[in-house]
Amino acid sequence: MTAGLGTAPLEQVPHVLDVRKLSKVYGSGETAVHALRDVDLTVRRGEYVAVIGQSGSGKSTLLNMLGCLDAPTSGRYLLEGLDVADLDERQQAVLRNRQIGFIFQAFNLIPRTSALANVELPLVYAGVGRRVRRERAQAALSLVGLQGREDHRPNQLSGGQQQRVAVARALVTTPALLLADEPTGNLDSASTADVLGLFDRLHAAGRTIVLITHDDEVAERAERVVVVSDGRLTEAAPSAAELPPRRPGTARAPR
Amino acid sequence: MSVVEIVRFAVRGLIANRLRSLLTMLGIIIGIAAVILLTALGNGASQYIQGQIAGLGANSITVLPRQPPDTVGTDGRPLTQGDVRALADPQGAPDVASVSPVVSVQDTTVEAGRARTDATIIGSTPSYFPGANVQLGTGRTYTEADVTAGRKVVLLGRTVADELFGIGSDPVGRDVLVRGVPFDVIGTLAPAGQGQGLSNPDENVLAPLTAVQGSLTGFGDLTQIVVQARSTEAQAAAESEINSILDRRHGIDDPDNRDYQVLSARQLADVLDDTLGAFTLLLAAIAAISLVVGGIGITNIMLVSVTERTREIGIRKALGAPPSAILGQFLVESIILSVVGGVLGVAVGYAGTLVPLGDFRPVVLPSAVVAAVGVSAAIGIFFGAYPARRAARLRPIEALRRE
Ligand SMILES: Nc1ncnc2c1ncn2[C@@H]1O[C@H](COP(=O)(O)OP(=O)(O)O)[C@@H](O)[C@H]1O
Ligand SMILES: [Mg+2]
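Going down the list, the sequences are from chains A and B.
Okay, so the first sequence: first residue is 1 according to the UniProt record's numbering, each after it adds one.
Okay, so the second sequence: first residue is 1 according to the UniProt record's numbering, each after it adds one.
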């Protein structure tokens, strides 16, 4: 394990996530697509942030980089105070494993593998022993209301249930950051309500959540909304008045 | 992440594609079985021929006259009784047990009453029997006294006796005419059967040297000299003693230009052994090619497997699988394929050797088994490494985007 990874005293790191002048260009030359342009964003511990914007505006590109699934073309990304660019591939894998829980629109469960085994998977890569792994995976499955479905395969579960398995899998390592890319995009309204209820409970329990959506109803549940438009990020007026208005990048604590 | 987990993932991956795993293994099974079977065939053939050569008389050495290669037109010196006496000298040739002068005449008419046949008449001394590994069937062999007196007595090979006197008959006491000259039959030779040597002893007629010289060939040169070494171990020493004595007597200074030739079962065995070794190597090379083909099959299937599971690899990476875990999973998959295939291949190859082929049985070489299993494990690593590394190097987002 990397020195300091996950061991930094939390009170000294005010922002779970700190992004400065982040840009992403796909391709090069005439076909280059500037998917993100100089994006600044900070997220504090326990915040529930919704990212909205039109299709093709660059939301997924941003979230993929926050999840260490892709590398930015330029700019800095600090996760728990750690510059991700300094980490090698193996260290990034550890980071994804311990600090990030990623939830996809397409669920992305491993096929032909039971719900329990799917939820256990991050713990396997974390080196957790079999018995503890099982207990924690079962606990995570009960948290999302799927006790009794442990042995079901993805193709034996409804879309809503599959997404709840994916949420359990993202939670099971107790990561600092939960990232969700349109988690309700493939779900009917009842399942959407289930999953959003789950996020509300996680938020109430103090989890940090960044969620992409283009559903206003979904965005309304978040305490803060940022808008991505043509690769640029702007802060929307806060839906609830708990937070003082601020522009991205201005509330950074001195380091 | 422990090795146990990696192996568990690998086994799950293989079981998820049972039929494909089996077919891939088939390539290795066939390759390894071919190695085991073909080397066993070569080895079995070698052992069979060694056995046949032992039947020729392991201690027997034959000296033949020949035209020296470099002196075209000029004959070399013939083999004579003087050569025989020199070879029989225990001082000059301590490793020689006996020396038998031989004259022979091929395609000679032998008659008994109305029956007649063609045979090779071999005239020699009593030491010829042990020297050339000839066994007595019925009656007696001729003696030194018979040779000294030039008595016209013969021993008939089994085929000759059968043709002249009827199958299984015992002609001892009867008369035969050898090219019109009457001889008394004093014995028969034990049937040698097919393949015991290069000529068939069953078609020979044996008589005292002097009798053959007196009535058929005249008292001239010898056809050959048969020498018996003291033991199988002493054979090589006896051969070099023969060479040095005859070189001196025949005035030879270039060993490549001798006017005589020394042949032995040992030399024959050496030549055949070399030939069989080359043959076995050829078989092994053919088998090795099929192994390589099997290995390429593994690469192919592992590449397909990596491509097909790119998305799964992406998910695993997104969940924090380090490159080593992905590498390990695919590498272990291909090693399992090749090692299980290798072990099954050894079993199939071994079962194949239990089928007898004609006169000889294939004999499995333990070293071939060890090598085959080792090679199949190496194939798994070598041919699985490329696809596994490709899988491990995939960027998570690229892997996830792939459909
Ligand atoms: N792998 C890629 N290669 C090239 N262009 C891409 C790639 N991924 C996304 N883009 C482009 O980048 C822009 C932003 O895409 P994306 O982040 O997926 O938008 P959103 O999630 O907001 O719909 C789009 O114009 C899209 O076509
Ligand atoms: Mg998107």
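Please keep in mind that the hints were generated in silico from the structure rather than gathered at the bench.
Check before you lean on any hint, since a few could be wrong.
[Said to hold, decoys possible] For lysine to any residue, the following SDA-like pairs were computed, each having C-alpha atoms within a straight-line distance of at most 25 Å:
1) B:K152 to B:T120
2) A:K21 to B:T120
3) A:K21 to B:E398
4) B:K152 to B:T138
Here is how each hint holds up against the structure:
Taken as a hint, the K152 (chain B) and T120 (chain B) pair is honoured in the structure, with Cα atoms around 16 Å apart against an allowance of 25 Å. The suggested pairing of K21 (chain A) with T120 (chain B) is violated, with an alpha-carbon distance near 107 Å, which exceeds 25 Å. For the given pair, K21 (chain A) sits about 23 Å from E398 (chain B) by alpha-carbon distance, which is consistent with the 25 Å threshold. At most 25 Å may separate the alpha-carbon atoms for a hinted pair to count; K152 (chain B) and T138 (chain B) meet this at roughly 18 Å.
Hint 2 from the list above is the single one not met by this structure.
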